[in-house]
Amino acid sequence: MQDLVRSLHPLERKVIPFLKNSILFEELLEKTKLQEAECMRAVQWLENKEVLKIKTDIKEEIILGSLGKKYLEEKLPERRLLEQLKKKKLSLQEIQLEEGEKNIAIGELKKKAAISMGKDIELTEQGRKLLEKEFLEEKLLKVLPKETKDLTEEEKLAFENLKKRKEIIQIEVIKTKTIILTDLGKKLIKEKLDFDLIETLTPDMLRQESWKGKQFRKYDVKINVPKTYGGRRQPYMEFLNKIKLQLVQLGFKEMNGPLIETEFYNFDVLFQPQDHPARTWTDTYHLKHPTHGKLLNDLVVNRVKIAHEEGGRTGSTGWGYKWDSEIAMQLMPRAHATAVSARQMVKGIEIPSKYFTISRVYRPDVLDATHLIEFNQLDGFVTDPSISFRTLLGMLKLFATEIAGAEEVKFFADYYPFTEPSVQISAKHPQLGWVELGGAGIFRPEITQTLNIDTPVMAWGLGIDRLAMFKLGIKDIRYLFSQDLKWLREPRVI
Amino acid sequence: MPTIDISLKDISKLVGKEVTRENLEPEALLWVKGEIDGEDGDTLKIDCKESNRPDLWSTEGMARALSPFYTKERGMRKYTAEPSEFYIHVDRTVDDVRPFITAAVITNLTITEDLLKQLIQLQEKVSMTFGRKRKTVGLGIYDNDKLTYPLAYKAYKPTELKYVPLGFTKEMTLKEVLEKHPKGIEYAHLLKGHERYPVIIDKNNIIASMPPITNSETTGKVTEKTKNLFLEVTGTNLEDCKVALNVMACALADRGGKIHSVTLDYGKEKILTPNFSPKRIKVKFEDIERITGLKLTLKELKELLERFCYDVKKAKDCLEVEYPSYRQDILHPVDVIEDILISYGFNNIEPVIPKIATRGELSEFELFCESLRNALPGLGAQELLNFTLTNKEVLFEKMNIKNYDCVEIANPVSSKWSCIRSSILPSLMEFLENNKTAEYPQQIYELGEIVIIDEKAETGSQTIKHLSWALADKEANFTRAKQVVDFILTGLGLKYETLEEENPIFISGRSAQILINGKKYGILGEINPQVLKNFSLEFPVCAFELNINDLYGLKLSL
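Protein sequences, first through last, are from chains E and B.
Just so you know, my numbering puts 406 at position 406 of the first sequence, and the rest follows in order with no gaps.
Just so you know, my numbering puts 173 at position 173 of the second sequence, and the rest follows in order with no gaps.
It should be emphasised that the hints constitute simulated quantities derived from the structure, not laboratory data.
As the structure is a computational prediction, the values presented were derived from the model and not from experiment.
Take these hints with a grain of salt, some might be off.
[Unchecked claim] Simulated DEER-style distance windows between Cβ atoms: (1) E:278 - B:493: 43 to 51 angstroms; (2) B:495 - E:294: 33 to 41 angstroms; (3) E:296 - B:113: 52 to 60 angstroms.
Ideal Cβ positions, reconstructed from N, Cα and C, are used throughout, including at glycine.
Can you make the complete structure from the sequences, with help from the hints?
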């Protein structure tokens, strides 16, 4: 009991003196002079402590609506019509009722067989009788308010009728709460409660040491508290940061490029011919505004042109067509991260060097659980005189084990317009099984030699989204760019 | 890239050994860069990833490339064309519209339904992928016995001539064919704007076709009753026309057809097609070793190449190889070296982990961005990653902004994704709209890329990074937003001031620009209730947006 007393909140203390074996909540509220929410909280806490029980009764009460109040004074429209017809039959126009009431009144009287409709409206035998008698509806209106469960059979009939008509009656649901003390409660109210407990420790108390010798109110440490959400990093961003770190550890340098690119960097520098199907409208986005950019480096532009047309000094035959700088100037949202590599190679690279980028790219597709319309691509390249196809396979194997945690790899011949030889790598992930991890190859000499890079350059791109989905535990790829705050707030370890 | 239907029974007959799905996968398929996409009884759907080798896009072509894998066949298959009297006069009128034609006649064939199906499949794939949807190359197949030689390839005015196009019964002018025939409608753009349209017409002035649109119903229809075939290829590049013709002719020769050459009289010169003379290329030994990373003996190289349908000619200082006339994909010796590697088998190569010492590093700017991204969760803000694709309604209209400019997509898949965002705050507002059932307060931020128009820039635009933050809460107000701005900017050691600025996004009088040394770096304020209504939000929102590129520049200059 002493523990119980020490754990009482100040609000609970204010309520307890007014409790008796059974009291209505309204009455308690009035006596304690507390706010309704405060009083309710105190009562609920006390219920949790098994000091009392809250019994809720629900009753439905029928009360007068706005029209109901009016009709109680002015009589129902059907009564007024009945009385008008008492003297003589009337045509529709002669009836003196408001427009909205006319039809209702006629309808009601017809239902009661009180009138007959001809050219004019006149009372029937039944109608004359009703002149002397009160309608059931009128009787009901007089006895309101009344609880639904207390209605007589006749009143129920009238109630059903009036319910269909607008604003005559209303049903009010009234909840009443009765507070009943438990045995524990009955003992508690006899206890002395007015000794001094510290509710909140204040700086004043500490300065004056007034806390000494006093007791603190005891808390219910099991109590449920309202949820709070800390801020978190976006999980896919965290995943990408981890990948970046792994690449930096492998000696890769980060590179960047713009979201809007000229076709020159997207395709031409990469030796993709200007009539290549991948450059058409179905495969890539084009821009309505702005449409064209500029080609700044004349020397490079000219060498790229020659490489496309007849190979230049690269030992290639070229594609054998007339290269058009107008097409190369067209702008588009970057279609692949290799455009960033192209930009870096034009800017100039050291030998040896290793570069990577995680870049946003765009593809015309329909957004659904397995397709994104824009996504991040992990791409990069390595250049060194020692590079061969064998070292390319070695690097890919390293990626597979280091980044994807793969146990086994397989290589497939593949075709990419800018690499020769080209290879696709599949990795066996311990949980996912065989997944296509990415594509790679040695940049065609038409690309590198055109840019004065005479050492071989291995280019690679890894598809990391399936790995990300696995790490994030999602089946729907759209969650990488999640629009769901509840999901983002969930704790997880990447 | 092209997907080809192949019957296992058919390909086994052509290879001379039983070919099954089991013995195709995985090694044999790698030879043709194929991947099985589906299976329907005896038919396999093979996705051929090699988009520059039309010779592989048929059962005959796959069988030819795979034969050395299954049998002892080595080196290049020999094809010959019998000289003949077949003659086509090429009139100069075609120069402006579709200047080149190549042709062949095939006899001695038994034309079955299956053969026709294969033939049409190959014709379609070559015209579509190799011929860029008939633009650079288009193929036609005819009943040779219905043509009276010599033929002429000549261009006529759109209403000058009439013929009955394939599948129709009534004669139409060339112009009407483009307007009414389904293929005419589909490919009319290839001839549009030209004064004359190309036609193949025979000695009796009977039109055989209007390339690359459609054949005539009378002569250009091939059935099981057809005995001898006439093939023609028209296009914008003679080399491509020759390659496409050889691809078709070799496939028919593999089926037992006898090939006859056709004389094409271009006026200045006469050429004979098809011409099966092999093509040649020299490959340096040192390049082979450098690129493959393998030490291969001459004998090994010879075997690897011959298994890949090459003939090795000379091998003194370098390897001189001959390869089939139908291959157009070899531009450079590296293309041959890749074939050596495929022939060797990628999975037979022992990978070598490269030992290249370089220093890894993240970009300085990216690190700066990361430090800001890491600071905000400490204040309880949740980081977001949103799409940069959006639309004008979200970007401007719902934000109360009247005058605007942003990057617009010409061919959006959906109008919902038709612009690239020029600020991040609309992304945050849309996120809040999508999360009205999540608990409040909602404090969110994103530091990411946006694009602004800059006509003077190389790409007509600038990609820059912005940071935007928003709080939706019943106590969201100017002070809360300014506290976060203050936390970030004083954290960077920057002195800033805020100056009142009318901005339709924010409530008038509760909207500010963020200034450092008199220059604007961002905006701050309480979101206008009209904007909240546009995003159907029922909580007040305060927010800010900062230009991170400019802040980084400023930080560097300090």
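Satisfaction of the hinted span 33 to 41 angstroms by the C-beta atoms belonging to residue 495 (chain B) and residue 294 (chain E): At 38 angstroms between Cβs, range holds.
Could you say whether the range 43 to 51 angstroms given as a hint is met by the Cβ separation of residue 278 (chain E) and residue 493 (chain B)? Given a distance of about 48 angstroms, which is inside 43 to 51 angstroms, the answer is holds.
Please check whether residue 296 (chain E) and residue 113 (chain B) have a Cβ separation lying inside 52 to 60 angstroms. Holds, since residue 296 (chain E) and residue 113 (chain B) (Cβ atoms, about 58 angstroms apart) stay within the stated range.
Comparing the model with each earlier hint shows no violations; every hint is respected.
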